[in-house]
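*Asks:* Residue-level listing of the chains:
2 protein chains.
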Amino acid sequence: MKIVIIGGDAAGMSAASKIKRTRPEFEVTVFEKSEDVSYSACGMPYNIADPGRKIEDLVVREATAFREKQGIRLLTGHRVEQIDPSGKRISGVTSTGDRFEEPYDNLVIATGGSSIVPDLPGFDRKGVLALKSLDDGRKLKSYIASQGVRKAVIIGMGYIGLEMCEALVERGIHVSMVKPNLGLLPWMDETLSKEVANELVSHGVSLYSGHAVRRIEEREGELTVVCDDLSLDADMVLPAMGIRPNSGIAGDAGIALGAGSAISVDRFLRTSDPHIYAAGDCADSYHVVTGKKTWIPLALRANRSGWAVADNLCGEPSEIPGVAGTAVFKVFHLEVARTGIMEKEALKEGFEPVSVTIESRSRAHAHPGSSVIRVHMTGDKLSGRLLGVQMVGREGCAHRINAAAVALHAKMSVQSFSEADLAYAPPFGPVWDPMLTAANQLLKKMAG
Amino acid sequence: MKIVIIGGDAAGMSAASKIKRTRPEFEVTVFEKSEDVSYSACGMPYNIADPGRKIEDLVVREATAFREKQGIRLLTGHRVEQIDPSGKRISGVTSTGDRFEEPYDNLVIATGGSSIVPDLPGFDRKGVLALKSLDDGRKLKSYIASQGVRKAVIIGMGYIGLEMCEALVERGIHVSMVKPNLGLLPWMDETLSKEVANELVSHGVSLYSGHAVRRIEEREGELTVVCDDLSLDADMVLPAMGIRPNSGIAGDAGIALGAGSAISVDRFLRTSDPHIYAAGDCADSYHVVTGKKTWIPLALRANRSGWAVADNLCGEPSEIPGVAGTAVFKVFHLEVARTGIMEKEALKEGFEPVSVTIESRSRAHAHPGSSVIRVHMTGDKLSGRLLGVQMVGREGCAHRINAAAVALHAKMSVQSFSEADLAYAPPFGPVWDPMLTAANQLLKKMAG
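Residue numbers (the working numbering), protein chains in the order written: chain A, 1410 to 1857; chain B, 1410 to 1857.
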């Protein structure tokens, strides 16, 4: 069996490793366009925050280990440009300009995603640095050091933008954040969103929402981000406007695309071609709340789908149930967590969403060091089902959200969730966990 | 409607408050034997640790507020001694020696639990101080201050013993802990248990397990805890051998007792008498894993069952599903959490338990500040169900356990739990949450 994998990060290398563990006799070839494989992309903001750490600390496993210890034929600097499904072969070009091609029995597309960089004037200037690959991180880190960056503009206010904002502030850089729509994170409840905005502002970050960027100008080495009614000077500009799936070569080969223009896969990670699987950020998934296709590119899904593809290729059929949309990130001293769908999305899906926002504490009554936890919870009035939860606080949000995520997988009602026997001890929360308080309040509102 | 409630702590006052909120016209009388109502008993160790805080900080709501703002007839210093179910009345004696009696239409027993103090010589000596009520805490705290306690012996190694151990060490007191059986917590996996023991020892605590205490002697004001082959000197001795339900007056009145000799209640908190409910630590409950009766006295259950009794008395039938056995506590820098049933109990219940113990990290690869998290997970080979989880680590255990607790409520399989979309960001865990790693390993072992 000859298996070709396009892409050598989380999904691709997870698949390659598991295939070789299960079926050492299979020939596994991985083509990776960069020189970096198997690294923690999510760790980049934290690495960039610390000038004393090398970006290579984020490499989880060296290319040589995959080659020598696991027997994976791993070819870096190999960009695959074309898939020929009828001829069952791929072709491409190396970083030194040589053409290559390779036949396969089964193909795994694990091409990941790319930063969205808009087609506007000036986004190709020196000092405009998007962050996606380890090499992006390498360039960004060396740019900060070599150019003595003092002020930066981040375009976008998503997870990566917010994490990079904290990283740059840690480096003593003044950060301005700008984006076209009002508010911070579009899915976030207003009260919670304001708390995150306050946290940013209290760390000296300037927020400009409601300003569409038109172009980036440069004068005497200084960049200016130009909006209609606003201009922001910067030594460095970070476009953090989200990512898009690298599904181009799949689409060109006639493979069906799905949610968010990602490669459409079923629960077994099969594409529309019987000999081609897709895994990781380039592929879509099912949402456990709606049952419909969605595209939520996150690390756990990438690793998990890589493993599932490996099982399927090794003759151990493995179906994965989809995603709940669970995510967490840190912004300075705040933990921000979410799972499920929010009111706007719920309405579109035909639910009758009801939401509450409650305020609770991170520790018990009279326990020192307690801080505010805010929970926003949404349920469906028609079915009684729990639909989604968001949480913001200084402690105790990151792992708490997992209880709600499990409840979504189990398609639990708000009632059942409110009855859960959750842990209590004074250093860790009130007797009624903040999520239970939210569920109790939501039940009342749903009954009203 | 005339409702009498025996006991003015978590369950009793939760019930009283909710009844008056829903049906202000109901006459609600609460008899409390002590002078303290509605306080955070679980907060006592943390309060005792800090000589600068008054024990009264733990009072959540003053008696006067219940009386004046909520219209509850709250009688403190009133010990109920007898229930007459056929005459529908209770009787007792006040702290000043006066007899009282009171008729009821419906009665709620919320008498809580008491510390187990063995019937052995010397347990009545001055300086032998069990901790259960706020008044116990008051006495203990004042004893430490007035007697200049330098060394203490704690008999027992349960939650309260461990929390009090930390509190006393914080006060600069040397602590020895002693108990008859080997090991630390009997339900805990050996690897995890050893980690907790190491944490205690590294804070200067002396552990003596496998030594049954025979008596407490006193010579010139110094106490000696005497075992067969061991004697421990102390200025203060804390019996922390667990608690038992205060179900005596219920039993005397012919009300059926259930698990752990607690008052037997159904899912509506009804006792064997149609006009008597029981709630809180004095009553038993159903275990969501076994479906059978159990007695696990914890604060959330007490509050929740108080509310449910109120709803039932107010004509809004409220059934509560039982407990998962979720608990968490802190021992110095460790978080110790559990939910569900463990291998020994599972065997008794007819499951075919399989367990794994795994080691993971509290933060992502290469993220600074990461520490070890150990997870012990048990599943049923016959049904595939998740049965229980234990976790020990320096961070990230207390709230993580809730995801497993929700999974137990949903009667999830280990397979389904392993497929959950849990949160990931580098400061909060590895891509594969420690619980998912445990579930993945357990699945392999269950299949083997």
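Simulated from the structure, these hints should not be mistaken for lab results. Given the structure is predicted, the values throughout are model-derived calculations rather than measurements. Hints are not guaranteed to be accurate.
Identical chains share a label here; the pair holds if one copy fits it or two copies do between them.
[As the list claims (entries may be wrong)] Heads up, simulated BS3-like pairs for lysine-lysine below, C-alpha to C-alpha not over 30 Å straight-line:
hint	residue 1	residue 2
1	K1790	K1427
2	K1853	K1820
3	K1820	K1701
4	K1820	K1702
5	K1820	K1790
*Asks:* Are the hints correct? Go through all of them and say.
*Replies:* Hints, verified against the model:
no. : hint          : verdict
1   : K1790 / K1427 : between (43 Å within a copy, 24 Å between copies)
2   : K1853 / K1820 : both (20 Å within a copy, 26 Å between copies)
3   : K1820 / K1701 : both (14 Å within a copy, 24 Å between copies)
4   : K1820 / K1702 : both (17 Å within a copy, 26 Å between copies)
5   : K1820 / K1790 : both (14 Å within a copy, 24 Å between copies)
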